[in-house]
Amino acid sequence: MKMNESNADRIIRVAAGIALLYLGFGSVLRGTLAGLADAVGLVLVLTGAIGFCPLYAMFRLSTLKK
Amino acid sequence: MDSQTFFKKLNESPRPVVVDLWAPWCGPCKTVKPILEKLAQEYRGRVDLWQINADDNLELLRELKIYGIPTLIVYRNGKETQRQVGAKPGSRLQRLFETLANGEDPSPAGMSIMDRFIRMGAGLALAALGWTTQSSWAWLLIGGLLIFSSIYDRCPIWRALTNRFKRINGPA
Chain A
-10 MKMNESNADR
0 IIRVAAGIAL
10 LYLGFGSVLR
20 GTLAGLADAV
30 GLVLVLTGAI
40 GFCPLYAMFR
50 LSTLKK
Chain B
12 MDSQTFFKKL
22 NESPRPVVVD
32 LWAPWCGPCK
42 TVKPILEKLA
52 QEYRGRVDLW
62 QINADDNLEL
72 LRELKIYGIP
82 TLIVYRNGKE
92 TQRQVGAKPG
102 SRLQRLFETL
112 ANGEDPSPAG
122 MSIMDRFIRM
132 GAGLALAALG
142 WTTQSSWAWL
152 LIGGLLIFSS
162 IYDRCPIWRA
172 LTNRFKRING
182 PA
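First to last, the sequence lines map onto chains A and B. Once you know that position 34 of the first sequence is 23 in the working numbering, the rest is easy, because the numbers rise by one and skip nothing. Once you know that position 42 of the second sequence is 53 in the working numbering, the rest is easy, because the numbers rise by one and skip nothing.
Please keep in mind that the hints were generated in silico from the structure rather than gathered at the bench. All figures in this text were calculated on a predicted structure; none of them were measured in a lab. For glycine and all other residues, C-beta sits at the position ideal for the given N, C-alpha and C. Misleading hints may appear alongside valid ones.
Claimed, not checked - Just so you have them, the derived chain A footprint on chain B, three or more residues with Cβ under 8 Å:
| no. | stretch |
| --- | --- |
| 1 | 98 to 105 |
| 2 | 123 to 135 |
As the list claims (entries may be wrong) - Think about it this way: if two alpha-carbon atoms lie no more than 27 Å apart in a straight line, the pair counts; the simulated DSS-like pairs of lysine-lysine are:
| no. | chain 1 | residue 1 | chain 2 | residue 2 |
| --- | --- | --- | --- | --- |
| 3 | B | 99 | A | -9 |
| 4 | B | 49 | B | 90 |
| 5 | B | 90 | B | 19 |
| 6 | B | 99 | B | 76 |
| 7 | B | 76 | B | 41 |
| 8 | B | 76 | B | 19 |
| 9 | B | 20 | A | -9 |
| 10 | B | 44 | B | 19 |
| 11 | B | 41 | B | 20 |
| 12 | B | 76 | B | 90 |
| 13 | A | -9 | B | 41 |
| 14 | A | -9 | B | 49 |
To be verified - Chain A is nowhere near these chain B residues, computed Cβ spacing over 12 Å in every case:
| no. | residue |
| --- | --- |
| 15 | 36 |
| 16 | 54 |
| 17 | 77 |
| 18 | 78 |
| 19 | 153 |
Using the sequences provided together with the hints, build the complete structure.
Written as structure tokens, this is what we have:
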């Protein structure tokens, strides 16, 4: 699995993911919206933590410096 | 290349240098070679790759105390900062080049300090979220796994287990 995210990209993903998870699980959002926030949040945290985004890979994108 | 020329060139190099010691008869070297060449192309101008045929440079091999190939030696400012023996996966090699290109020193697993920091931060945040919102043990578990992934290469139990596994599954 080749990394395709820069450090800044990763930090933003993790921060945004945690914020979304908090909205979903912290009872700020309810219903479908909460579920959606949780799902997107978890994906953002995990892709940020490992430094690899499958969507980037699919479109041959990368935020790593060249 | 004789050892004198090698060290002279090394001291003059303004960029980090990855030295790949290989041989034409070595299977794992052939696996790693195209990956390294691709990475060298990708990180051109930021990290240098020197590929040295071990068969033609026995004196240098003795000087560098090479006991197996492929061996990768990383040099920064003429000083060896890391040595990896055996074929490594492409992801790990890519992380090594990325870390060197960013001016950081790679850890034995090729993980930079920033990489560890991000994994650790994400893991701690997830675990804290799971703990404070009392939503699920799954968050604590995922957080714990992320924290472990940031330090696994330093964990003696993990190292002992993986070495044992390698010995069992290694060539007879």
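Tested hints:
Check on the stretch 98 to 105 of chain B: 3 of its residues sit with their Cβ under 8 Å from a Cβ of chain A, so the three-residue criterion for coverage holds. Closer than 8 Å: that is the beta-carbon criterion, and the stretch 123 to 135 of chain B has 7 residues meeting it against chain A, so the requirement of 3 holds. Taken as a hint, the residue 99 of chain B and residue -9 of chain A pair is honoured in the structure, with Cα atoms around 13 Å apart against an allowance of 27 Å. A distance of roughly 24 Å separates the Cα atoms of residue 49 of chain B and residue 90 of chain B; the hinted pair therefore holds under the 27 Å criterion.
Note on residue 90 of chain B and residue 19 of chain B: the hinted pairing holds, with a Cα-Cα distance of about 12 Å set against a maximum of 27 Å. For the hint linking residue 99 of chain B to residue 76 of chain B, the alpha-carbon distance of about 20 Å falls within 27 Å, and the restraint holds. At most 27 Å may separate the alpha-carbon atoms for a hinted pair to count; residue 76 of chain B and residue 41 of chain B meet this at roughly 22 Å. Simply put, residue 76 of chain B and residue 19 of chain B have alpha-carbon atoms about 18 Å apart, close enough for the 27 Å limit, and the pair holds.
The hinted pair formed by residue 20 of chain B and residue -9 of chain A fails the criterion: a straight-line CA distance of about 31 Å is larger than 27 Å. Restraint check for residue 44 of chain B and residue 19 of chain B: satisfied, since their Cα atoms lie roughly 25 Å apart, inside the 27 Å limit. Distance check on the hinted pair: residue 41 of chain B and residue 20 of chain B sit about 26 Å apart at the alpha-carbon level, within 27 Å; holds. Using a Cα cut-off of 27 Å, the hinted pair residue 76 of chain B and residue 90 of chain B holds, with the two alpha carbons roughly 15 Å apart.
For a cut-off of 27 Å, the pair hint linking residue -9 of chain A to residue 41 of chain B stands: about 20 Å separates their Cα positions. Pair hint residue -9 of chain A plus residue 49 of chain B holds up; C-alpha atoms about 13 Å apart against a cutoff of 27 Å. No beta-carbon of chain A comes within 12 Å of the beta-carbon of residue 36 of chain B; the shortest separation is about 29 Å. With a minimum CB-CB distance of about 9 Å to chain A, residue 54 of chain B fails to clear the 12 Å threshold, and the non-interface call is violated.
The Cβ of residue 77 of chain B lies farther than 12 Å from every Cβ of chain A, with a closest approach of about 28 Å, so its non-interface assignment holds. Consistency note on residue 78 of chain B: stated as away from chain A, and its beta-carbon is indeed over 12 Å from all of that chain's, at 30 Å minimum. Annotated as non-interface, residue 153 of chain B brings its C-beta within 12 Å of a C-beta of chain A; the closest such distance is 8 Å.
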